[in-house]
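Enquirer: Below are the chains, spelled out letter by letter.
Number of protein chains: 2
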Amino acid sequence: MITGKNYIGNQLSAIGTKTYTTFNPQTNTENTTVFTEANSDEINQAAELATAAFQTYSKKTGKEKAAFLRAIAEEIEALGDKLVEVYTLESGLPEGRAKGERSRTVGQLRAFAAHVEESSWVEATIDTAQPERKPMPKGDLRKMYIPLGPIVVFGASNFPLAYSTAGGDTAAALGAGCPVIVKSHPMHAGTGELVASAVIKAAKKTGMPNGVFSNLNSSGIEVGQELVKHPKVKGVGFTGSIRGGRALFDLAGQRPEPIPVFAEMGSINPVVFLPEALKEKATDWAKKYASSITLGSGQFCTNPGLLIGVKGNGLNQFAQTLAEEIVKIEPTCMLHPNIVGAYNSNKSKAIAQDGIKILADFSGDIKSNYGRQIVSKVDGKIFLENPTLHHEVFGPFSLIVECENETQLEEVLNKLEGQLTGTIVATDTELVSNAGIVSAMQNRVGRIIFNGVPTGVEVCPSMQHGGPYPASTDSRFTAVGVDSIKRWIRPFSFQSWPNDLLPNELKNENPLGILRNVNGIKTTDKI
Amino acid sequence: MITGKNYIGNQLSAIGTKTYTTFNPQTNTENTTVFTEANSDEINQAAELATAAFQTYSKKTGKEKAAFLRAIAEEIEALGDKLVEVYTLESGLPEGRAKGERSRTVGQLRAFAAHVEESSWVEATIDTAQPERKPMPKGDLRKMYIPLGPIVVFGASNFPLAYSTAGGDTAAALGAGCPVIVKSHPMHAGTGELVASAVIKAAKKTGMPNGVFSNLNSSGIEVGQELVKHPKVKGVGFTGSIRGGRALFDLAGQRPEPIPVFAEMGSINPVVFLPEALKEKATDWAKKYASSITLGSGQFCTNPGLLIGVKGNGLNQFAQTLAEEIVKIEPTCMLHPNIVGAYNSNKSKAIAQDGIKILADFSGDIKSNYGRQIVSKVDGKIFLENPTLHHEVFGPFSLIVECENETQLEEVLNKLEGQLTGTIVATDTELVSNAGIVSAMQNRVGRIIFNGVPTGVEVCPSMQHGGPYPASTDSRFTAVGVDSIKRWIRPFSFQSWPNDLLPNELKNENPLGILRNVNGIKTTDKI
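Chains as they are written, first to last, in the numbering used here: chain A, 1 to 527; chain B, 1001 to 1527.
Since the hints were derived computationally from the structure, they do not count as laboratory data. There are no misleading hints in this set.
Taking lysine-lysine pairs in the DSSO-like style, the calculated list, with each CA pair at most 30 Å apart, reads:
no., chain 1, residue 1, chain 2, residue 2
1, B, Lys1486, A, Lys229
2, A, Lys357, A, Lys415
3, A, Lys138, B, Lys1486
4, A, Lys522, B, Lys1063
5, B, Lys1507, A, Lys288
6, B, Lys1288, A, Lys134
7, A, Lys134, B, Lys1099
From chain A, some residues computed to sit far from chain B (all C-beta separations above 12 Å):
no., residue
8, Lys201
9, Gly207
10, Gly244
11, Ile356
12, Phe362
Every residue, glycine too, gets a C-beta built ideally from N, C-alpha and C.
Start from the sequences and build out the full structure, keeping to the hints where you can.
Expert: Shown next as C-alpha cells:
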C-alpha cells in the first residue's frame, strides 16, 4: 500500500503541510494518492539518523553490504505487478519498459553486491616498514578507500527505477558504505515509496542500522536545496536538467564545507556521418536513426540530437530517408505535461531560428502528452554562429547540420559543449583519414561510438556515462557501472597501525584474498 | 643564469610592466634579480600553447612521457650547486634541506616515470561484444583513463622544489598527459625559473611539443586568478592557505564550465595522548614532539598543532617535559618576513584567548625572521567553546588541550574541522578500548598514525596526503604519491572501435602487457 508518507529511516512520517499528487499522462488525469512533502524537521532527522547510521554502516563488511543489496533486489521483485502498475500510472511509459527497467535496477543492485563482496575495489595499497632504511627509517603505511558519509540521491524523471530511489546512485553509495537519503522525484512519488518500502524491509532483514536509508517526498526545489545545504550531508548524486544540476552544484560549492555534486545533465550526443559511409548505407543509417531519435519519446540522455555531415548526395539521401521514416513511427506518451510543455517550447524556439529548414514533423493525430517527432536541417555556418542550436531539446528532436566540408565539420565539433557520447559513422578508411575529427570528438565526450547509435547504455564495468561539462559536473567519474562507486569514497592511510586492528582488507593475512598492491607489486598473497 | 623572465612555452618573455624581487630572510635583505610578472597576453599565450600542445602530448606513449620526466630529473640535477644556492637565498632554509628536497623532487619525477611507463594506471577495462545476446546484442566496450587537459600548478611557499615548479603536482599532471602552466611562487621566483629552464631543456631533448610547460612569474593574486578563470584551463593544483585555496576553488566553481581545484590547505594535525601510554613514556614522547613541532620552524603542513590528553599525572609530566625540551631547541629562520609576521600575529591572537596558559615561550635572542616556538595549554571545555583555537597557527606553535575525561576528548575530536593527519599515542589495549576516539579521529582525517609523529610525509603509493575540508578541497584524492595522477584524468569509453585504431592499452594483443579487467577478470593476457 502507498501511504503518501516519507520514510525517515525506518519510520513513516508525514508531519509537513505541503501535499501533492502524481499525474497519469496517458489518461491526462491526476492520480489519487496524496503525498506529504518532507518538512525541515524531517529533513534534519533523516540527516541525523544517516550520520548516526554511518558509524556502524561504514564498518560493515563487503559480505554484509552485499547481503543488504541483494535483499533490496529481492524485495523490489517481491513488489510484483503492483510496482509495474504504479510505474506506468505515474510515467506514461509502457509495461514492457517498466519491466525492463526493473530488471536493470535489480541487476545493478546485484552487480554492486558482487563488486563489494569481492572487495578489491578498495584498492588496498601497502608499503611495509623499513626500520633499517638510511637516513630515516620508513614506517608501515597501508591505504584503502573508505566511504565518504551520508549521500543525497535525487530521483530522475526519466528513470523512475534505474536512476531513482534504489537506482544506480543509491546502489553505488550503499555499496561504498554510505547511508542514502533519497529526494524522491515528484512525478513518480508512488513508485518511489514502493521501492523505498523494499529498501527498508531489506535493511531490517539484514540488520542494517536505522537511518541507512530515508526517502523524502518533495514537490518543488526546497527539499533538495535543504538537503544539499545540510552540514551532515557529504555528497550528492543528481540526474536531470543543466539548470537544476548547476543550481545544486553551486549551492554545494558555497557551503562552509563544500561537497561534491555529481550531476548528470544535458547532452545532444553529436553524430558525425562521413561521406563514404553514407554512399552505400544512407538508407540503413536513416532507419536506425529514426528509431534511435524516437526511442522512449526521445527521453533518454543519450538521444542523438545532432546529426552532422558534409553536403552531398549521401547526406541528402540520408536526410530524405530519415524524414520519411521518422514520420512512420507512432508517437508515444511523454512523462508528464510539464515535460511535453518544455519539449514543445524548446522545439519551437529551435525551429524558429534563422536558416532552419524542417524536413519532417509528425502531423497525424496524437493524444494529449504525446511527443511529436521532428527533424530539421541547418547549414554548418549558421549553426556555428548560433549557440541556441547547440542546446538540448529533450524529446524526439534531432537537427541535421550540413557542413561545407570536413574542416567545417571539425570546427562544429570544436564549438560544441561537453557531451555524454559522440558517434562516428564512417568507413574504416575514413576513420583513419579523419584523425582531426575523431580527436575533436574525443575532447568533447565521455564515450565514443563507431558505426552505431548512442542510445542503449550498457551497464557494465567498461561503460563511461559522464562527460565534460555540461554533460556532467565532473567528467572524472561515471554514473553507470560499478566504477560509479568511486564517487562516494575517499582514500585513507593507516600508519604503523597494529595488524589486528586494521580492516581485513589491509591485514597481513589478506583474509579476503583480494588483489592488493604490496610494495609496488599487485598480488593476492599474504604478507 | 636567471633572467627574471617568464617561460611562455619554450620562449623567454617579459612584456609586462610589473616587477618584483625575492627576499633573503637569513640576511633580511632583498635579492638582486628583478622578475617581470606575466601579463594577460602572456597568460593567454601560455594557455593557447598548452591547448595546442595537448593535442599531441595527450597521445604520447607512457615510454615517451617517462623519458620526458626522467630528463627533467636529470636536468634539475645538472643545475648543481647553483640551484641549492638560489634555493637557500630565497627561502632561508639550510643547504641540507635544499638537497633533501631536491632528492625528493627528482625521486617523485622518476616514480611517476616508472608509473606511466608501466601503464597499468589507465585501468583498462574491457567488455567484449556478445552479438548473440538476447534480447539485445551487446557491443564491444573498452574504457581507460585519459588526460583532462591543460593544468595550472601553483607553487607552494614551504616547498620551493618538491611542491612547486616541477614538484608533485607537475609530475603527476605531465605523467597523466596534461600540459602544465606553473604560477610561480613569488618568494622563490629564481628557484622557479632555474627549475623551469630544466623542464624546458628536457622537453626539447625528448621532443615534447612547445607549450607542454610554461612558467609564469607573479607577485600577487592576479596572475593566478586569470589562469583559474581561463577557459582553456581544465584543472588546478594548489598548496597553501585556506583563504587562498578557497578563493581559487570558488573562482573555478563560478566559471561557465567549472573545473576541479585540488587545494591542499590548512591542518592542525591533532594528536591524542591516552593516559596509559603517557604513564611510562611521557618524557620520550615530549622529546619527540618538541622536535616535531619545531622541525623546519613548524612550516610543514603536517606540523602537530594540537596535543589532546586527559588530565592527570601523565599529561602533566608530558606537558612539563615538552615545555622544558622545546625551549632547548635553537629557533630557525622562517621563509619570509610575511610568514614570520603572520606567525606572530596568529600566535598572539591564539594565546590572548581566555583560559590559555603559556607553558613555554622561547625567550632567547633570535635573528630577524626566526620563529620563536611556543607551547600553551587550555581546558577541554574552553577549547570546545572557542573556534579561534581550532585554527592553524602556521609555525612552531602547539596547543595542549587538557580534557576532563575520554568522553570530552572524543567531543573535542568531533568538533574539529577536517585534517590531513591524526595521531593516536596509546598502548595496544587503549587503542582497542577507545574505539569511539579512533572512529572520531578517522572521520576527521586522511591519514591516521599510531604511536608516531605526523611530520615526515613518506612519498610512496600507500600515502594519503589530503583530508576532509579544509585540509583539502577534495578529500577523495591525494597530493602525494603516484595515485595523485588520479586528479588529472577522466575515464573514456570506446564502443565498437576498430582494434587497430584503439590506444595500445586497449588493443586485443595487449602490446604493453598491462594488467587489465577483461570481462570481469583481472589479467595481463591478450584477448
